[in-house]
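**Student:** Chains as they are written, first to last, in my numbering: chain D, -12 to 168; chain X, 20 to 683; chain L, 345 to 498.
Hints should not be assumed to be uniformly reliable.
25 Å max Cα-Cα, derived PhoX-like pairs, lysine-lysine [unchecked claim]:
1. L:K478 with X:K441
2. L:K428 with L:K384
3. D:K90 with D:K114
4. X:K356 with L:K478
5. L:K478 with D:K115
6. L:K384 with D:K115
7. X:K217 with X:K356
8. D:K153 with D:K12
9. X:K217 with X:K51
10. X:K550 with X:K574
11. D:K50 with D:K153
12. X:K550 with X:K617
13. D:K115 with D:K12
14. X:K434 with L:K428
15. X:K356 with X:K434
In silico contact screen, one side only, chain L against chain X (beta carbon under 8 Å); selected entries [what the hints assert, rightly or not]:
16. N402
17. G442
18. T457
Simulated from the structure, these hints should not be mistaken for lab results. Owing to the predicted nature of the structure, the values given are computational and were not obtained by experimental measurement. Glycine included, every Cβ here is placed at the ideal spot set by N, Cα and C.
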Amino acid sequence: MKSLRFALPLAGFLLIALVLYIGVKNSPDRQNLRSVLIGRPAPEWTLPDLMNPGAMLTNASFKGKPYILNVWATWCAACRYEHQTLMDLSRNQEVPIIGLNWKDEDNLAHEWLERLGNPYAAIAVDKKGRVPIDYGVTAAPESFLVDANGIVQYRLAGPMTHSIWKREFAPRIAGKSVVAE
Amino acid sequence: MVPELGHFALILALLLAALQTFFGIAGPALGKDRWVAAVAPAVAGQFVMICVALACLVTAFVTLDFSVLYVAQNANSALPLMYRVAAVWGAHEGSLLLWIFLLSSWTIAVAIGSRRLPPRYAARVLGVLGFITFAFLLFSLATSNPFMRLMPAAADGRDLNPLLQDPALAIHPPMLYTGYVGFAVAFAFACAAMLEGKMDQVWARWTRPWTTVAWGFLSIGIALGSWWAYYELGWGGYWFWDPVENASFMPWLAGTALIHSLAVTDKRGLFKSWTLLLAILAFSLSLLGTFLVRSGVTVSVHSFAADPGRGMFLLVFLLIIIGGALSLYAWRAPMLKSPAGFDVLSRESFLLFNNILLVIATAIVFGGTLAPFIAEAIGSETLSVGTPYFNIMFPLPIIPLLALVPIGIHAGWKKGRLSEQKGRLLVTLGISAVLALAFVFGVYGRGQVLTPVAYTLAIWIAISSLIDPFDRIRRGLSLSRSIIGMTLAHIALAMLVMGVASVESYTQERDIAAGPGDTITLGNYAFRFDKVESVEGPNYEGVRGYFTVTHEGRKILDLHPEKRLYWVQRQTLTEAGIGSHWGSNIFLALGDDVGGGKWSVRLQIRPLVNYVWISAFLMALGGGIAASDKRYRNAKERAAEGVSGTAPGAVASVSAAPARGSAG
Amino acid sequence: MTRTSSRWRALQWLAALIAALAVASAAFAIDTTRFEDPEKQAQYQRMTHELRCMQCLNTSIADSQVDLAADLRNEVRDLVEAGKTDEEIRQFMVDRYGEFILFRPRSPWLYVTPVIFLIIGVLVAVRIIRQRSKLVAEDDSPVDDIAEESAERK
Chain D
-12 MKSLRFALPL AGFLLIALVL YIGVKNSPDR QNLRSVLIGR PAPEWTLPDL
38 MNPGAMLTNA SFKGKPYILN VWATWCAACR YEHQTLMDLS RNQEVPIIGL
88 NWKDEDNLAH EWLERLGNPY AAIAVDKKGR VPIDYGVTAA PESFLVDANG
138 IVQYRLAGPM THSIWKREFA PRIAGKSVVA E
Chain X
20 MVPELGHFAL ILALLLAALQ TFFGIAGPAL GKDRWVAAVA PAVAGQFVMI
70 CVALACLVTA FVTLDFSVLY VAQNANSALP LMYRVAAVWG AHEGSLLLWI
120 FLLSSWTIAV AIGSRRLPPR YAARVLGVLG FITFAFLLFS LATSNPFMRL
170 MPAAADGRDL NPLLQDPALA IHPPMLYTGY VGFAVAFAFA CAAMLEGKMD
220 QVWARWTRPW TTVAWGFLSI GIALGSWWAY YELGWGGYWF WDPVENASFM
270 PWLAGTALIH SLAVTDKRGL FKSWTLLLAI LAFSLSLLGT FLVRSGVTVS
320 VHSFAADPGR GMFLLVFLLI IIGGALSLYA WRAPMLKSPA GFDVLSRESF
370 LLFNNILLVI ATAIVFGGTL APFIAEAIGS ETLSVGTPYF NIMFPLPIIP
420 LLALVPIGIH AGWKKGRLSE QKGRLLVTLG ISAVLALAFV FGVYGRGQVL
470 TPVAYTLAIW IAISSLIDPF DRIRRGLSLS RSIIGMTLAH IALAMLVMGV
520 ASVESYTQER DIAAGPGDTI TLGNYAFRFD KVESVEGPNY EGVRGYFTVT
570 HEGRKILDLH PEKRLYWVQR QTLTEAGIGS HWGSNIFLAL GDDVGGGKWS
620 VRLQIRPLVN YVWISAFLMA LGGGIAASDK RYRNAKERAA EGVSGTAPGA
670 VASVSAAPAR GSAG
Chain L
345 MTRTSSRWRA LQWLAALIAA LAVASAAFAI DTTRFEDPEK QAQYQRMTHE
395 LRCMQCLNTS IADSQVDLAA DLRNEVRDLV EAGKTDEEIR QFMVDRYGEF
445 ILFRPRSPWL YVTPVIFLII GVLVAVRIIR QRSKLVAEDD SPVDDIAEES
495 AERK
């Protein structure tokens, strides 16, 4: 029927409305852009250890057990916001939190940790910012869940909260082997 | 007290808009003439209420009533008076009220201007406009009330975003929205025609002036935004293909197609379904733009504070309004037939290509803007589309279109008779090409491949536009406003192409660190950095650099770029120093203090960039002149002679003597 | 809109932070990086304009003044210095940030679809014009003003 083509604009519009609907529904999540590293090995790094001046830390040493890599800095307000959650997590569960201090100053970092507590099993310092770029970090704070085989399982862009931990991190940790394959 | 009054006025406006919609749609449908007569008073009432509401909000701002949440979020005691008024539309809630006010203003203008239209048809038009008004008032009252109180009242406000404290940006939303919202009139005319079940040739004549004026305002609004971005944002760009910029450009492209398609329907009763669809499309794109800015889906500096709840609300409106119109179209358009014919090289042919190429250009901008959402929806990895993409794809339909303009202007209606013009066309093409090449190689000595092509097209369009008017003057004929307006707008188009081609091909830039005493060279210009001073303003403090600019040794300008820190919002802004010299725009911006007494400085020489903005104003002027042509005023008298008697879908020949001197 | 979960609050925090950064980046960056080799200079300019500043709203790393943009520019500088091609630099960034960092998308659909539309559009126009030109002989409908026009042309 020739007159069917006049319904095409309506059909096209309904498709677009569907796309927009999905866009609106997903918009709260848009800040937490899905990382391209998920499913891939965590990029290697060797960086100075904040707590042991002169010594170096490398991510290879954490392989064999899952860990959280948390990118933070003292100039980051949202990091201050998530700090208490990190403190709680460091006490209440077994996965270590490795801190990556991003473009910060050592004395400020020390002062922060003394004042607020240290949730980190170890802290690496990157003053140049190369390592966060390798991880595709866009802003602080970000947290990466790396499994026992060194594969990135999840990336949180934004402050850690207990409900996010329960919803995103805990299930993934439980589902993965604790010992390296 | 005043905010509550404003709030109450909005609620009354909502009720009146509901009545306007009901009487406007049900009245003609059920044949109740008393209802039809009740529409105009409802319009008047709703307009008055919205004026009251807007006045209340403006008062709240001017008196710095910080017990109103919206005022506290967008004003500050240090804010100068002019920007207190502009702050009314500085964020979502207030700009939405401005939108509603402008819609109401257009509605009442249509109510007054269509008194000589068949009453039932006019009632339907006002009914459709009433529905849109109702929807937006509902949206405002339900999710975005500007009159919300803040208890306890803030001691002082958060201040208007310093970026918005600027005259161009203060007037940009009113101009832009007047354009956006103005397309609702064409939309309403189209919906009313579809509701009536018939669309006469005269319909196009009624719709044309409203649409052209709206298009003119939109042109000005876009140009103001572009101009502001150029001198305020500090990197000398005039267009960024930002999603929200695209959201205003798409209705403009569709609107341009619409005003040309209306010309064909007006003249020959052809392209009716095209014109209807374009009328729906232009306003739909305006609504889409509103949605993109306010729903939080897009990532843009222009977006208002996002809220997915609002996004859903707006999406439902879009579905009802656009979906409704397109359903009407699917139902009624198949009945629109016309037996008219036209030659291969007639004006109708060229305008058909005009329609198609502009629609494709709109589709490209649309696709590029929505591509990230489409990718997300189909589960593919999020991608982004920016300037490099648009710079490649957008010219694809536009360059052929530009080539058709100078030829199409000379094609006659129905018969074309282009063979008579062939000689003239070839000569003017030749002259244009020679001038273009002279410019490219003579003045600059270099260029990209497209540069001489663009220049040739621009000059050809300009010359071509002038031939017919000069011809008429030579023969002692009068020039109707239609012709004057059209000529002006087409020459403005030539200016636009020329400006864009020049800026894209011949911009010179330099970023360098310099201190007082240094001289920087760029091209044939030298910039001597004289000194730096601190400055203070009503709500900012900063530094100002003093530069002397010379060209081939002779002093031409003093430039004083500034870097300002606005205390309240703690934002740093640059005010570039901008001057002109021989059509080139000289742009100088002060960056950061890089130590050692030196500052980073950005210099740009942008040839003919002013043409971009001037052309938009000329286009609007041309549109305004054309819209004021006598024939539109005569059309209303003819309408009273009983158009409603014609059979559905028939071409109504215009029998009365046509207005003098109007052709084309 | 009345969710008070801490996740919502966290997102608001993050949104405010990003908004503040984005708005602050309304002041531009002046990048005084210089290469000896003009080809490398051109490549550097090209690439920094093609890459999105991931912390900003719709700005390239060439134009953004945030730290992340400066860091990314440094990466590009090193890659250009090392003699990488445009595509290698793009891939480097995409490997870390995804396709979203490119302002010029690599999906072929985005380039092919408009061309297809253009071809269809031209074919449709040609068909309509053919149909209508056949009707000219039988069509004696007056063109508004045409009588007047021919009178003028005499």
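**Student:** For every hint, state whether the structure bears it out.
**Tutor:** Against the structure, the hints:
1. The straight-line distance between the Cα atoms of K478 of chain L and K441 of chain X is roughly 23 Å, inside the 25 Å bound, and the hint therefore holds.
2. Taking the CA atoms of K428 of chain L and K384 of chain L, the gap is near 10 Å; set against the 25 Å cutoff, the hint holds.
3. Distance restraint check for K90 of chain D and K114 of chain D: the Cα-Cα separation of roughly 4 Å lies within the 25 Å cut-off, and the hinted pair is therefore satisfied.
4. For the suggested pair K356 of chain X and K478 of chain L, the alpha carbons sit about 16 Å apart, so the restraint of at most 25 Å is met.
5. Of the supplied pair hints, the one linking K478 of chain L and K115 of chain D is violated, its CA atoms being roughly 73 Å apart against a limit of 25 Å.
6. At roughly 23 Å between alpha-carbon atoms, K384 of chain L and K115 of chain D fall within 25 Å of each other, so this suggested pair holds.
7. Under the criterion of a C-alpha separation no larger than 25 Å, the hint pairing K217 of chain X with K356 of chain X is consistent with the structure, at around 11 Å.
8. Between K153 of chain D and K12 of chain D the alpha-carbon distance is near 22 Å, which keeps this suggested pair within the 25 Å criterion.
9. Simply put, K217 of chain X and K51 of chain X have alpha-carbon atoms about 20 Å apart, close enough for the 25 Å limit, and the pair holds.
10. In summary, the hint linking K550 of chain X to K574 of chain X is supported, as the alpha carbons are separated by about 17 Å, within the 25 Å threshold.
11. At most 25 Å may separate the alpha-carbon atoms for a hinted pair to count; K50 of chain D and K153 of chain D meet this at roughly 23 Å.
12. With a C-alpha separation of about 11 Å, the suggested pair K550 of chain X and K617 of chain X falls inside the 25 Å cut-off, and the hint holds.
13. Between the alpha carbons of K115 of chain D and K12 of chain D the distance comes to roughly 37 Å, so the proposed pair goes past 25 Å and is violated.
14. Between K434 of chain X and K428 of chain L the alpha-carbon distance is near 60 Å, which puts this suggested pair outside the 25 Å criterion.
15. Restraint check for K356 of chain X and K434 of chain X: satisfied, since their Cα atoms lie roughly 20 Å apart, inside the 25 Å limit.
16. Of the supplied interface hints, the one on N402 of chain L holds, with its beta-carbon coming within about 5 Å of a beta-carbon of chain X, less than 8 Å.
17. For G442 of chain L, the interface hint holds, since its Cβ comes within 8 Å of a Cβ in chain X; the closest pair sits about 6 Å apart.
18. With 8 Å as the threshold, the beta carbon of T457 of chain L comes within range of chain X, its nearest partner Cβ sitting at about 7 Å, so the hint holds.
This entry does not satisfy hints 5, 13, 14, going by the numbered hints stated previously.
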